[in-house]
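Engineer: Protein chains in written order, with this note's numbering: chain G, 1 to 228; chain X, 1001 to 1323.
These aren't lab readings, by the way, just hints derived from the structure by calculation. As the structure is a computational prediction, the values presented were derived from the model and not from experiment. For glycine and all other residues, C-beta sits at the position ideal for the given N, C-alpha and C. Check the hints yourself; a few may be wrong.
[Said to hold, decoys possible] Quick partial rundown of chain X residues pointing at chain G, CB under 10 Å, derived from the structure: (1) Tyr1123; (2) Leu1201; (3) Leu1204.
[Stated by the list, open to error] Cβ pair distances, simulated, as ranges: (4) Thr57/G with Ile1244/X: 28 to 36 Å; (5) Trp197/G with Pro1029/X: 45 to 53 Å; (6) Gln1315/X with Trp197/G: 31 to 39 Å; (7) Trp197/G with Leu1015/X: 55 to 63 Å; (8) Phe1019/X with Gly194/G: 56 to 64 Å.
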Amino acid sequence: MRHFFRAALAVARKDWQIELRTRYALNAMLLFAVVTAVLVSFRLGPLGLSRDRQAATTLAVLLWVAIFFAALNGLSRTFVREEEMRTAALLRLTTPPLAVYLGKLLINLLLLVALELLVTLLFVALMNARIAQPGLFALTLSLGGLGLAVATTIIAALVAKADGKSALFTVLAFPLLLPLLIVAVETTEVALAGSGWAQAAPGLRLLAAYTLAELAASLLLFERTWES
Amino acid sequence: MIRQLATPAKISTGLLLSFVAAAMFLWVPAHEGLGNVGRIVIVHVPTGWLTCVAFLVSALYSLLYLRRGRLSDDANAVAATELGLLFSLLSTVTGAIFAKVVWGTFWNWDPRETAIAVLMLIYAAYFALRTSLVPGVRQRRLSAIYALLASVSVPFLIFVIPRVTDSTLHPNCAILNTPNCAGLALTADGRIQGQVDDFRLKLLDVQESDTLLTATIEVRDPASGTLTTLQPSFDLVSGQPKAIERVPDTLREVQIKRVSGTASARTIEVALANVGNIGLLTDQRTLITFLVSLLGFTALFIWVWRLRALLLGLQAHVQGWNA
């Protein structure tokens, strides 16, 4: 068991080091997020939204659009790289499949945390977003981000096997993540407007349940994906 | 034995569906509240159910394929997915026609509409994945894995999301208790505005005598955006609604279900029911035709599914020889 977790951590550390050297995924994701936030703030900047009754709704939707599409830009890299550099076979020989999955999940989570921090900062700075309930906001973003990472990691493994056809990534991930995104947007809206924890509770439960279900399915199916 | 039964089964499927097509228009009476458009339920609901069945079958055979690796399992899964997509399209189109007539819009992102739209997207993506890969073991495996992953999100769409969101036009209240099912409570001094489904209600005035309470309520129709003022009333002695007012150009009506509090601070519970407020299947002829339709469509599904799976299986074998 200790060996297993050490293997997972080793996979994550290896990917992190490669990422720091090339910065491919980080650059792609973070720049996409910056571009989206700048584009949106041209018209919906501090003055555009402050008088709007539905500012919280608009902001919540835009926040998740930025996070979702920026994430899709970078998160498939970890698996696609293994296939492109022809290192997948070696990894398959040396590391148990589940350790590979957990390692990749960990690295994707790290990338996503960086992305969510940046997007939040940009929205606060450029759009003058006021977060009425920071605690709830942080919880929603973490739960939503976890769900996003879990689902995109397994889809990335699938897409990597489809000869890196990266256009497929969005097509496959979007319908699968739509339930999660709908609920995440609604809960974020509650956090931005400050309508209270009681309003957000069903949404938070749903986010947790969805993430767990996707995680269970991924753990069961990853070995088949990885070895086909 | 089964082969001998095949031909009679096919003939009776044809007969059942012919009966449904004829009975739908000639034998079934028009619905009391909804009128002629109520007939569409005979096609709409069975195709919707079969969509779910088809995707369940697809997930099941995908699992079997991953377990046993038989070509026929894969062919069965693909055939079921194709038919599921077809049935979901039929169900969506009939539903949209119904929605246009009754609720005024073809589409309004009601939770069930969202669910079927996402279902269609998921399975369209299944074919996008499948066609992008070279036919072979890897293609079949990856599509089976995706079908299984996708089936995880389906229960969330069908059972969970309608519970969290509170706007729905489908008759969900029998199964899922969404917050608005009981109606809406308006008070003369406090909460004077609220929403049932997509209709916005506003309490303008309350007039009260010893026996009768009349409320003046402004209703905003979501389809046209028009505001109408209605005056439903309530018999304070018998505790029953008196005047039930219909929202113009729609098949909804406003009634006061209950009144509480004292004369100075009233809470009025308003319900927005479908006209006639009766189920679609209470009529016996409608029920019989509906059940026959369900049986007929299921038989049709099984027949086409087997046939298509057989063809796909043969195709895979031929490709296997050529490779």
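Engineer: Range hint 31 to 39 Å: satisfied by the CB atoms of glutamine 1315/X and tryptophan 197/G?
Structural biologist: violated (56 Å)
Engineer: Would you settle whether the hint for leucine 1204/X is holds or violated, based on the nearest Cβ-Cβ distance to chain G being less than 10 Å?
Structural biologist: Nearest chain G Cβ about 22 Å off; hint violated.
Engineer: Does the Cβ-Cβ separation between tryptophan 197/G and leucine 1015/X fall within 55 to 63 Å?
Structural biologist: holds (59 Å)
Engineer: Can you verify the interface hint for tyrosine 1123/X: is its Cβ closer than 10 Å to any Cβ in chain G?
Structural biologist: Holds - the Cβ of tyrosine 1123/X comes within 10 Å of chain G, reaching about 8 Å at its closest.
Engineer: Can you let me know if the beta-carbon spacing of phenylalanine 1019/X and glycine 194/G is within 56 to 64 Å?
Structural biologist: holds (59 Å)
Engineer: Range first: 45 to 53 Å. Now tell me if the beta carbons of tryptophan 197/G and proline 1029/X are that far apart.
Structural biologist: holds (51 Å)
Engineer: Min Cβ distance, leucine 1201/X to chain G: is it shorter than 10 Å?
Structural biologist: Violated. Min distance 19 Å.
Engineer: Within 28 to 36 Å or not, the Cβ separation of threonine 57/G and isoleucine 1244/X?
Structural biologist: Check passed, 35 Å falls within 28 to 36 Å.
The structure fails to meet hints 2, 3 and 6 from the earlier list, while all remaining hints are met.
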